[in-house]
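This is what each chain is made of:
There are 2 protein chains.
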Amino acid sequence: MKIITTIALSATFLMANSLMDDAKNAGLVPIPSSKTELLKLIDNPKNHITDAKVKLGEKLYMDPRLSKSELISCNTCHNLMEGGDDGVGAATGHKWRHNPHHLNSPTVYNAVFFSSQFWDGRAKDLEAQAQGPTLAHPEMAATKEHIVQVVKSMPEYVKEFKVAYGDNIKITFEKITDTIGNFERTLITPAPYDEFLNGYKEAMTPKQKEGLKTFIQIGCASCHNGVALGGEMGAFNVTATYKYMNVGDFKGDKNGMVKVPTLRNITQTAPYFHNGKVWSLKDAIKEMGRIQLGRKISDKEAQSINDFLQSLTGKKPNLSMPMLPASTAITPKPNLD
Amino acid sequence: MKIITTIALSATFLMANSLMDDAKNAGLVPIPSSKTELLKLIDNPKNHITDAKVKLGEKLYMDPRLSKSELISCNTCHNLMEGGDDGVGAATGHKWRHNPHHLNSPTVYNAVFFSSQFWDGRAKDLEAQAQGPTLAHPEMAATKEHIVQVVKSMPEYVKEFKVAYGDNIKITFEKITDTIGNFERTLITPAPYDEFLNGYKEAMTPKQKEGLKTFIQIGCASCHNGVALGGEMGAFNVTATYKYMNVGDFKGDKNGMVKVPTLRNITQTAPYFHNGKVWSLKDAIKEMGRIQLGRKISDKEAQSINDFLQSLTGKKPNLSMPMLPASTAITPKPNLD
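As given, the protein sequences belong to chains X and W, one line each in that order.
Counted the way our numbering counts, the first sequence spans residues 9 to 345.
Counted the way our numbering counts, the second sequence spans residues 9 to 345.
Derived by calculation from the structure, the hints in this document are not laboratory data.
Warning: the hint list may mix true and false statements.
Where chains are identical, the list cannot tell them apart; a pair therefore holds if satisfied intra-copy or between any two copies.
Calculated pairs, SDA-like style, for lysine to any residue (alpha carbon to alpha carbon, straight line, at most 20 Å) [what the hints assert, rightly or not]:
#	residue 1	residue 2
1	63	329
2	323	336
3	324	162
4	341	287
5	341	144
6	323	162
7	304	225
8	63	325
9	103	146
10	324	163
11	48	206
12	221	33
13	323	163
14	160	287
15	63	331
16	54	133
17	221	308
18	103	344
19	209	34
20	160	89
21	341	288
22	103	343
23	63	326
24	290	339
25	103	144
26	160	275
27	103	345
28	209	30
Using the sequences provided together with the hints, build the complete structure.
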């Protein structure tokens with residue numbers, strides 16, 4: 009009896025070990041368990057992460073007064089209380105306008121691990137990304153001047169900028185978006201999957217491990233790899249035979265390519281694809297097999313991959329609800345038109 | 009020297025004491041410093057406040073999926089990170105529609121102390137109030153069925169309802185709004201003014217005390233009284249000669265009266281009046297003198313009252329950012345139309 013148990017345990021051990029190797033060979037990288045290593049990965053060498061910047065960045069991220077209407081914040085479309093997104097098909101902003109290309113708001117969680125930002129990868133990092141929606145007319149619809157005036161009108165914000173950057177800080181649009189980016193860099197969600205890849209073999213269930221194997225064998229990891237299981241350019245060509253290719257007029261990047269979305273917290277970020285047209289995760293898995301891998305993914309395989317994806321649901325940071333400074337007499341007034 | 013100091017101190021003591029008496033005689037009531045007494049004031053005898061209900065109520069309050077578009081939560085118009093309101097003139101909701109009567113979103117902070125809810129006082133308490141905006145077309149625009157289905161579609165919510173109310177709980181629209189109301193009852197903000205009225209004489213600055221005196225002498229406390237310094241019916245008749253009486257088509261209650269808004273956190277809840285037409289607190293003070301008290305309030309008096317109002321800016325509860333349960337396959341889809 010004892011011998012059999014030992015053999016069984018060894019088999020599990022070997023299976024898990026070889027799965028870990030397979031995962032690493034497929035380019036899958038866990039979020040490091042060491043805080044120092046993690047900080048190296050997420051930090052901005054040009055604007056190091058500090059507590060003061062993160063605290064201020066969170067306030068700015070949550071502050072709707074940065075928008076023209078003063079009703080829409082970064083959090084409206086990238087809701088940290090949900091999956092870091094908005095759960096609707098196309099982003100909807102100022103005057104209830106929808107994204108003109110019918111683009112879906114991607115999650116901000118773990119976006120720091122992407123090699124570029126936006127569906128066409130046109131921004132190099134989170135700091136550059138934050139300059140987009142704040143000014144885009146169907147989103148926050150503000151001007152740089154509005155945003156700077158709003159922030160500078162409140163002594164508490166001015167003080168916090170000084171604490172974060174020193175007394176000589178000049179509060180510019182770029183410094184504001186840099187600070188929002190600094191906060192966003194900390195929005196990472198370690199998951200059972202990471203524990204598993206970091207060596208704790210029991211962190212994933214047997215079904216999830218089986219699913220990871222299927223995920224690698226079928227070839228999903230050829231695009232969904234790295235720390236974010238996505239985030240590089242090169243998902244399907246938008247002009248290819250895609251079921252919903254005619255939704256919106258998004259052209260992708262210069263090669264017609266869409267950025268590969270992260271699979272982390274994918275159970276919380278429906279609807280799927282850049283145009284938010286697919287609500288079922290299993291449907292999305294099958295559609296990807298057909299377009300990307302040129303193969304039919306069976307129901308059983310899709311279910312197995314779906315099982316694996318559950319292990320990517322991570323622990324979100326514990327955030328306190330920031331209390332925003334009060335507007336003053338010189339704070340620009342909202343404009344709903 | 010010692011004698012003079014003693015006399016001066018005694019005079020301050022007497023002044024503060026007599027001001028406290030004047031305030032109490034004018035019907036001003038502090039938020040009790042004793043937690044037991046406070047709980048008596050804010051509790052709902054038909055649905056006692058418990059930690060489990062408050063925790064669940066906070067999630068429901070923050071959850072945009074309760075609205076038709078799944079983009080608008082209670083917090084959109086009653087933003088707890090701001091003054092418990094939205095900072096725009098007229099409430100703006102589904103499809104960017106504005107409140108048809110051009111009504112301003114009142115603050116939810118300390119609203120538990122009001123004798124009735126809404127500007128026309130048509131809801132008797134916070135629980136009844138919560139049934140309004142969730143269904144109102146220019147606000148969250150949902151149906152009762154949508155809201156119940158959304159909540160019941162997520163096992164985490166179902167479990168939390170059982171924890172809060174017992175295993176036999178039936179999750180109805182009314183139970184959901186009751187739970188939101190339960191959370192809202194805890195949103196109180198004790199201020200230096202309360203410390204002063206509770207006996208700590210140095211909690212208010214000399215200018216603020218001077219302002220309180222002016223506030224009482226001029227007659228502001230004849231409407232702005234009780235714990236909320238407002239909250240009873242009986243502000244100006246909307247058909248009276250009010251500078252902005254022609255904004256919107258709000259008719260008030262059956263007597264044409266508007267509810268007296270709270271003055272707590274008034275520095276954070278501009279714009280003012282039921283139609284959100286006045287941005288300056290000093291202008292609002294003067295306009296009230298003219299319409300309500302039939303007298304001109306001088307610049308100096310307005311400044312003095314303004315000084316007093318600063319002492320009503322309270323400490324908001326420390327809230328953590330709740331993480332909302334993930335939608336499931338049976339969660340109703342958003343409808344942006």
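Going down the list of hints, with the structure as the test:
no.: 1; hint: 63 to 329; in the structure: both (11 Å within a copy, 14 Å between copies)
no.: 2; hint: 323 to 336; in the structure: between (37 Å within a copy, 18 Å between copies)
no.: 3; hint: 324 to 162; in the structure: between (30 Å within a copy, 18 Å between copies)
no.: 4; hint: 341 to 287; in the structure: between (39 Å within a copy, 9 Å between copies)
no.: 5; hint: 341 to 144; in the structure: within (19 Å within a copy, 26 Å between copies)
no.: 6; hint: 323 to 162; in the structure: between (34 Å within a copy, 18 Å between copies)
no.: 7; hint: 304 to 225; in the structure: within (14 Å within a copy, 82 Å between copies)
no.: 8; hint: 63 to 325; in the structure: both (13 Å within a copy, 18 Å between copies)
no.: 9; hint: 103 to 146; in the structure: both (7 Å within a copy, 13 Å between copies)
no.: 10; hint: 324 to 163; in the structure: between (31 Å within a copy, 19 Å between copies)
no.: 11; hint: 48 to 206; in the structure: within (17 Å within a copy, 52 Å between copies)
no.: 12; hint: 221 to 33; in the structure: within (12 Å within a copy, 76 Å between copies)
no.: 13; hint: 323 to 163; in the structure: between (35 Å within a copy, 18 Å between copies)
no.: 14; hint: 160 to 287; in the structure: between (42 Å within a copy, 19 Å between copies)
no.: 15; hint: 63 to 331; in the structure: both (11 Å within a copy, 19 Å between copies)
no.: 16; hint: 54 to 133; in the structure: within (12 Å within a copy, 53 Å between copies)
no.: 17; hint: 221 to 308; in the structure: within (13 Å within a copy, 77 Å between copies)
no.: 18; hint: 103 to 344; in the structure: both (7 Å within a copy, 12 Å between copies)
no.: 19; hint: 209 to 34; in the structure: within (18 Å within a copy, 69 Å between copies)
no.: 20; hint: 160 to 89; in the structure: between (28 Å within a copy, 18 Å between copies)
no.: 21; hint: 341 to 288; in the structure: between (42 Å within a copy, 12 Å between copies)
no.: 22; hint: 103 to 343; in the structure: both (10 Å within a copy, 16 Å between copies)
no.: 23; hint: 63 to 326; in the structure: both (13 Å within a copy, 15 Å between copies)
no.: 24; hint: 290 to 339; in the structure: between (48 Å within a copy, 16 Å between copies)
no.: 25; hint: 103 to 144; in the structure: both (12 Å within a copy, 18 Å between copies)
no.: 26; hint: 160 to 275; in the structure: between (39 Å within a copy, 18 Å between copies)
no.: 27; hint: 103 to 345; in the structure: both (7 Å within a copy, 13 Å between copies)
no.: 28; hint: 209 to 30; in the structure: within (14 Å within a copy, 71 Å between copies)
Of the numbered hints stated above, none is contradicted by the structure.
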